[in-house]
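Undergrad: Below are the chains, spelled out letter by letter.
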Amino acid sequence: MDLATLLPFVVNVIVGGLVLGFVYAIIALGYTMVYGVLQLINFAHSEVFVTGAVVGFEVFRVLTPSPMNGYLKLGVALLAAMVVSGLLNVLIERLAYRPLRNAPKLVPLITAIGVSLILQDTLRVIEGFQGRFDLTYTLPDGFSNKFCAAESSCAGLGNALRTVGVDLQLKDVILIAVSLLSLAVLNYLVSRTRLGKAIRAVAQDRVTSGLMGIDANRMISATFLIGGALGGISGVLFGVKFGTVNAYSGFDPGIIAFTAAVLGGIGSIPGAVLGGLLLGVIQNLIGVSNIFGSLLGIANLEAIDASYQRIGAFLVLVLILIFKPTGLLGKSNVEKV
Amino acid sequence: MKKTALSLSVLAALALGSASAQTTVKIATLSPLSGGQSDLGLQIRNGAQLAVNEYKAQFQRLGMNLQLVAYDDQADPATGTAQARKIASDRAILAVVGTLNSGVAIPSSQALASSRVAMVSPANTANQVTDRGLSNMNRIVARDDAQGPAGANFITGNLKAKKVYILNDKTAYGEGLAKEVEKALKAKGTQVVGNEGTEEKSDFSSIVAKIRLQKPDAIYFGGIYNQVGVFIKQLRENGITTPVVGGDGLDSSELATIAGKGASNIYFTTVAAPIEALPAAKTFAANFQKTFNDGAQGFGAFGYDAAKVVLQGILKAAQANGNKAPSRQQVEAAIRKGSFTGLLSGNVSFNSVGDRKAATLYVMNVEGGKYKLATSVPVRPVRQ
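Protein chains in written order, with UniProt numbering: chain Y, 1 to 337; chain D, 1 to 384.
No lab work stands behind these hints, which were simulated from the structure alone.
For clarity, every value in this text was computed on a predicted model and none was experimentally measured.
C-beta atoms are modelled at their ideal positions from N, C-alpha and C, and glycine is treated no differently.
Misleading hints may appear alongside valid ones.
Said to hold, decoys possible - Here's a subset of chain D near chain Y, in silico, CB distances under 10 Å, partners left out:
1) G35
2) D39
3) A78
4) G197
5) S205
6) K210
7) G229
8) R236
9) I258
10) K357
Claimed, not checked - Cross-link-like lysine to any residue pairs, in silico, SDA-like; alpha carbons within 20 Å at most:
11) D:K370 <-> Y:T138
12) D:K282 <-> D:T341
13) Y:K146 <-> D:G239
14) D:K162 <-> Y:S294
15) D:K163 <-> Y:L295
16) D:K215 <-> Y:D167
17) Y:K146 <-> D:I240
Could you build the full structure based on these sequences and the hints that come with them?
TA: And the structure:
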């Protein structure tokens, strides 16, 4: 195997990992925002994410016969998923976390797992009544086509990507674009608006910010709304990328995104993004390590095949917890006396 | 007023007494009725239900009230074993039709063995299902060591592949099948460029990248339709049109739905014949459609056949027992030793460990989302 065939392969594996990483990153943001404000790991977030995916499926299903523009359909799906997942997340906080806000930290963690199980089965029942389990997305025409298939339709960046052998589908490009846009909006919201300032104040010190006239409960609800909406977006993107979801699809991406949030430094927004992207790439590289093993003749590497992809993510988590518990971009929490 | 109440209750008691002169005899189905494989599991239950409906009158004449109870194993070994223990504790259940998954059949048949509840499987293909030599476990379908070589023969003979990439889903079923295929391919001198397992259900990008690099002539995937369907969809979207071959886990109409536009150039060997390939199945299919408002698929026919084996076995045991309801042990012996007729898939008799003495494998082809029969292969187990 020569370099000319191996290089595009490696580039593609990394690019594929980055695309996947954006999905993880947006889910990880949901974990990190809630943690930043409440120091609570919202384990129900993976189900909020699946709810978004299910809403997206329903929108595409209903809109399939209509002659509406494909991008408009995607827009409707994203908006609907944001609204439903956002409100769901607010509801979860109101019913399952707020009454326990002063309880020991373990208690809301347990209710979070309970909420997650309830949501899983509720989703299954809702779709099951209509005789569905694996929800197959019916995407608008063209979404699955190759990005820049013909040389004539490519220009600039598209052409540059093609020359190094990067192979993208239109939906991958859409996924990256939507992710970057949501990131930009989130960043603006948190760092430039009054709402963002208030949320940051509550995150820093709930009691003092209350004395300054900030309604902590409202800010916490707002955080859950934003986190849920991000979950909804990532759900739709996940459905568009992989084609099928079911009520239980949330577990794996949820746990990997949680790992990503910890890897980046939980509570840190750029950290969550960095963690998501890194994990996507690491996962894909581990998935192909047996190819390098057989090419380079390293027997030990040859034994590491795609079934180790997941373990790779958790190995990273363990290493991070041992050597840099605050995560890559996290700040250490100095106990004040 | 009091008097009428009393006489009414006496009448009711009498009526109950005459009803209880009928012994209740139950058979159970054990298959996934919920979850990702419920499409196949429901077919098994419904097929068995049709057989029970057919035999009800015959049991009635012997003073037996025949019932079917359906248990849900969720395609999960632990759930299946728990359900098997429940079945064992219901003394009215004489035999079980099940399961769909070999991984579930192995522990649940073990759990039923001590209480001598016979199982007739409409679907399990893993070798260990009968290799353990349990006296209660039987199956009416071919084994992996028949299905694997049949798949390998198809890959080398019909597809003329020189390089094959093998995948499995890391379950007892998928790994067993993939191992048999690899063994058979290597024996023929075909190059196996990879054999790896993956539990991944949505993201196959790294595997697709490897397949693109290796350029195999055929891909074999030992797995179930809901995983393989997603894989095929992503494979085709990446412009790889290599034929994908699999086992009976792909035998569901859902496969084409999930794979969408990619549902072409797919082949799978299956123990459950397409309804059209079974000459006797026409009335069955119509009946199935009428009763359940759902089209019959292969596993429906095999659920029906397995239930018929069970019911004929119970009747034979009853006959030997002076036309009284037989014990579980008698049913178990009658099923293993009997020969059963009038089934959709031909006559059945079992060898000493519960494998069918002669069975047929079918190779199906999916093209543009449509399923059609490619070829059929007769198989015989090594032991007779």
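Undergrad: The structure should be examined with respect to each hint, and the outcome stated for every one.
TA: A quick look at each hint next to the structure:
Hint on G35 of chain D holds. Least Cβ distance to chain Y is approximately 7 Å, under the 10 Å limit. A cut of 10 Å between beta carbons decides the hint on D39 of chain D: the least distance to chain Y is about 8 Å, and the hint holds. Residue-level restraint check for A78 of chain D is violated (minimum Cβ-Cβ distance to chain Y is 16 Å; threshold 10 Å). Checking G197 of chain D against chain Y: minimum C-beta separation of about 4 Å stays under 10 Å; hint holds.
Because the smallest distance between the Cβ of S205 of chain D and any Cβ of chain Y comes to about 4 Å, under 10 Å, the interface hint for this residue holds. The beta carbon of K210 of chain D comes within 5 Å of a beta carbon in chain Y, closer than 10 Å, and the hint placing it at the interface holds. Hint status for G229 of chain D: holds, given a least beta-carbon distance of 7 Å to chain Y, under 10 Å. At its closest, the beta carbon of R236 of chain D sits 9 Å from a beta carbon of chain Y; the interface hint therefore holds under the 10 Å criterion.
Satisfaction of the interface hint for I258 of chain D is found here, the shortest Cβ-Cβ separation to chain Y being roughly 5 Å, below the 10 Å cut-off. With its C-beta approaching chain Y no nearer than about 37 Å, K357 of chain D sits outside the 10 Å limit, and its interface hint is violated. For the given pair, K370 of chain D sits about 18 Å from T138 of chain Y by alpha-carbon distance, which is consistent with the 20 Å threshold. At most 20 Å may separate the alpha-carbon atoms for a hinted pair to count; K282 of chain D and T341 of chain D meet this at roughly 17 Å.
This hinted pair checks out: K146 of chain Y and G239 of chain D have alpha carbons roughly 9 Å apart, not beyond 20 Å. Proposed proximity of K162 of chain D and S294 of chain Y is supported: the alpha carbons are some 19 Å apart, at most 20 Å. Of the supplied pair hints, the one linking K163 of chain D and L295 of chain Y holds, its CA atoms being roughly 17 Å apart against a limit of 20 Å. The straight-line distance between the Cα atoms of K215 of chain D and D167 of chain Y is roughly 16 Å, inside the 20 Å bound, and the hint therefore holds.
The suggested pairing of K146 of chain Y with I240 of chain D holds, with an alpha-carbon distance near 12 Å, which does not exceed 20 Å.
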